[in-house]
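Engineer: With the hints as constraints, model all of the structure from the sequences given.
If you read the protein sequences in the order shown, they are chains A and B. In terms of my numbering, the numbers along the first sequence are unbroken and rise by one, the last being 300. In terms of my numbering, the numbers along the second sequence are unbroken and rise by one, the last being 1483.
No lab work stands behind these hints: they were computed from the structure. Backbone N, C-alpha and C define an ideal beta-carbon position, used for all residues, glycine too. Take the hints with a grain of salt, since some may be wrong.
Said to hold, decoys possible - Computed from the model, here is a short list of chain B residues facing chain A with C-beta under 10 Å:
no. : residue
1   : 1011
2   : 1064
3   : 1067
4   : 1068
5   : 1082
6   : 1087
7   : 1279
8   : 1343
9   : 1344
10  : 1345
Unchecked claim - Subject to a maximum C-alpha distance of 20 Å in a straight line, what follows is the list of computed SDA-like cross-link-like pairs (lysine to any residue):
no. : chain 1 : residue 1 : chain 2 : residue 2
11  : A       : 283       : B       : 1002
12  : B       : 1480      : A       : 173
13  : B       : 1009      : A       : 207
14  : B       : 1021      : A       : 138
15  : B       : 1009      : A       : 24
16  : B       : 1009      : A       : 173
17  : B       : 1325      : B       : 1467
18  : B       : 1233      : B       : 1197
19  : B       : 1473      : A       : 173
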Amino acid sequence: MGELRVLYRKGSHHNVLFFTERCNSRCLMCSQPPRDLDDGYLIDDMLETIPLMDPDTRVLCITGGEPTILGWRLMEVMTSVARHLPDTALHMLSNGRAFAYKETAKAMSQSGIRDIMIGIPLYADVASLHNFVVQARYAFDQTLRGIMNLARFEVPVEIRFVIHRQTVARLVQTARFITRNLPFATQVALMGLETIGFTRTNVSVLWIDPWEYREALAEAVSVLAEAGMKVMIYNLPLCLMPQKLWPFAQRSISDWKTMYMPVCESCTLKSECAGFFASAPFKYSDHIRPLLAHPSEPAA
Amino acid sequence: MNGLNRSFKSPEFYRRAESYKLLPLRFMRFDGNRYFVSGMGGEYLFMERSKLEQVVQGKVSTTDPLYADLLASHLIADEDSDIYRELVAAKYRTRQSRLPDWTALHMFVTTLRCDHSCQYCQVSRVSEDRSSFDMTPEIASKAIGLMFKSPSPCIKVEFQGGESLLNFDLIRYVVSEVKTRNDGRKLEFVITTNLANLTDEMLDFAEEHRISFSTSLDGPETLHNKNRPRPGKNSHGKTEEGIRRIRTRLGSQAVSALMTTTVSSLEQPKQIVDEYVRLGFDSVFLRYISPYGFAVKSASKIGYETEKFIQFFKEGLAYILELNKQGIFFRETYTQIILQKILMPGASGYIDLQSPAGIGIGGIVYNYNGEVYASDEGRMLAEMGDKTFKLGTVDDRYEKLFLNSPLLAMIHESMVEGVPGCSDCAFQTYCGTDPVFHHRTQGDFIGHRPSSAFCHRNMEVIRHIITLLEDDKEVSTILKSWL
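Structural biologist: This is how it looks when you write it as structure tokens:
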């Protein structure tokens, strides 16, 4: 039997260009565990697909693996996007380490793409913890240098912090660190954990019920918001956070992998809620509950 | 680590450092056993004395919870990371990011004539003799030429007096001339005025050119009229009427007000705040009187000790915070300036609390007679016979005014990084320097910190604001909403 791979779906806001399975980090909670193989054919497919895409595509996401590992081939794809999809916004997920080289950061600024943002994870305010989480010595310095270089060349950056048992202790301090050292970042995303990939391998050291860290999350959000930074919460359902955080919560989970729990059936805010990753039944919060009325309206 | 898959390395593997080094840090006893420790980037930590001793002796263990805070605040560094150099440099550079733009504020003294005879002002003349005390278009034209030599992409033109509106023809001339000669700068015009002589014609002009107003409001009627005498004893009424007319014509944001604290003000901080609230302002600047403008003989009448001002300031601020708790959004401007310096990494736009000092390079004054001064206070001193801060005249070349004048020496001598008492002060990043004040009160640009009223006042104000931030959660939330 043959194999069918869906490379693009018209109308979806969650179209992804999957670049490579290779990565120079090995994060404890990686949802897409890296494999060291020659997958250059992915790029060839992509270069064939991009000209066929709907020019009205609003947003494309580049992910991996680590896209910058492809070096100049990354630029080939970006040039193609700039040419064939001039009105499409590009969101690239990268560990940012390659941008520690000024030339790489500069190349990003010269891709010709009008609307680009690079999402880069920062998991701590101190090197040893971040390096442990991404399992790479020097990664903290490289990533910070990369973020600063991208800012130097005016490439918008989103800083991403995944909350789990290893990172939560420095969540608030990292928020403060970002306001003092990286105030030029376009936005900061505080993210719930996706229980797939390495997260399953390491679940006992990573899992924490989001209900337990809701106060820390609230404080981190206010530290960032008070400093005038744009802050967003990804991958967390509304019932697991204080109501004052709802305005920051995004429906961030890709449409093809969103699900809701049976208990969510009666929830009146389901349509505004991020829901869960399809992988969530593996391990999820004990505090999921339906929200029965919109709090701004009187209860029925 | 229990539960970590064996293909992953433990946290200890990534914690290589066994010792640390101190980054430039400054500390002071804050209160009781609490020490305040700050770094070059402006981050601070509180700790007990014994802990501080451990820090400076290199004895804090890498597993101590404080260790990560010290690293992340850039108070110490270890060999796990060397990015701190770039981060601290970036933070220092960011704080000074307005410097390359050079002078943005250009003050034109349109006339020394004034209808008021305020006790705290030495510069104004109640005179009808226009020719002696008005700026001429010729002088203004040369000043505009100098102004456009400034590299600043934003130019703010502020008309000062005397009473600036008494020479309205010159304001008309300057505005139209500046607009004609503008080479692409972002322009802003402000008229500083007591509003007593505001006409509809002036409002038309302000509307056409989007000019805003800055006025003086010292508090309730009795206090204001006592501080600011004019024929008819109706300064307060005139000011209030002017504020309303401007708002009706130009919108609520088109007029701001400044108060000056005199000895009569000290007793009534609440009444002053209430007056600002009543008149629809959302902030007040509880401003210390500067010892420049008034003659020594009136010092005893309107001057006061720093300690009394601090008491006044704290009472006023406490009352404002009380209003906020009741749901009235209202700010104290000096607190807002200090908060911004403590909590935010950016450059402060307030030119009277900078290092390098803002004189000349933050703002410059073109006097009515063509003399050029490094600051408004500097030109007031000149009216009292001390021309130390005169940089030259509008006939001089721009390069001479800035480079071949006394300016650079004043600025570099007074930088907090090098001034005795400031160089090791834990509040250094949140403070600034004032060479004009220290020249006037202590005889040189540097001054003697233990006896400096400037130092005394700012130390107390900064300490008070940090105490509120640290020790009162509700107040801390209110203060952060002012940023």
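Engineer: Confirm or reject each hint.
Structural biologist: Taking the hints in turn, this is what the structure says about them:
Hint status for residue 1011 of chain B: holds, given a least beta-carbon distance of 5 Å to chain A, under 10 Å. This hint is violated: residue 1064 of chain B has a C-beta 13 Å from the nearest C-beta of chain A, more than the 10 Å allowed. Contact between residue 1067 of chain B and chain A, as hinted, is supported at the beta carbon level, the nearest pair being about 8 Å apart and thus within 10 Å. Residue-level restraint check for residue 1068 of chain B holds (minimum Cβ-Cβ distance to chain A is 5 Å; threshold 10 Å).
The closest approach between the C-beta of residue 1082 of chain B and any C-beta of chain A is roughly 6 Å, which is under the 10 Å cut-off, so the hint is satisfied. Residue-level restraint check for residue 1087 of chain B holds (minimum Cβ-Cβ distance to chain A is 5 Å; threshold 10 Å). For residue 1279 of chain B, the interface hint is violated, since its Cβ never comes within 10 Å of a Cβ in chain A; the closest pair sits about 29 Å apart. Hint status for residue 1343 of chain B relative to chain A: holds, with the closest Cβ pair at about 7 Å, below 10 Å.
Below 10 Å, beta-carbon pairs count as interface contacts, and residue 1344 of chain B has one with chain A at about 7 Å; its hint therefore holds. Here the hint on residue 1345 of chain B is kept, as its CB sits about 5 Å from the closest CB of chain A, short of 10 Å. With a CA separation close to 19 Å, the supplied pair residue 283 of chain A and residue 1002 of chain B stays within the 20 Å bound. For the proposed pair residue 1480 of chain B and residue 173 of chain A, the alpha carbon gap of about 17 Å is at most 20 Å, so the pair holds.
Restraint check for residue 1009 of chain B and residue 207 of chain A: satisfied, since their Cα atoms lie roughly 18 Å apart, inside the 20 Å limit. For the hint linking residue 1021 of chain B to residue 138 of chain A, the alpha-carbon distance of about 19 Å falls within 20 Å, and the restraint holds. With a C-alpha separation of about 15 Å, the suggested pairing of residue 1009 of chain B with residue 24 of chain A holds against the 20 Å cut-off. As the CA atoms of residue 1009 of chain B and residue 173 of chain A are separated by approximately 24 Å, the hinted pair breaks the 20 Å bound.
This hinted pair checks out: residue 1325 of chain B and residue 1467 of chain B have alpha carbons roughly 18 Å apart, not beyond 20 Å. Restraint check for residue 1233 of chain B and residue 1197 of chain B: satisfied, since their Cα atoms lie roughly 14 Å apart, inside the 20 Å limit. Between the alpha carbons of residue 1473 of chain B and residue 173 of chain A the distance comes to roughly 18 Å, so the proposed pair stays at or under 20 Å and holds.
Going through the hint list in order, the structure does not satisfy hints 2, 7 and 16.
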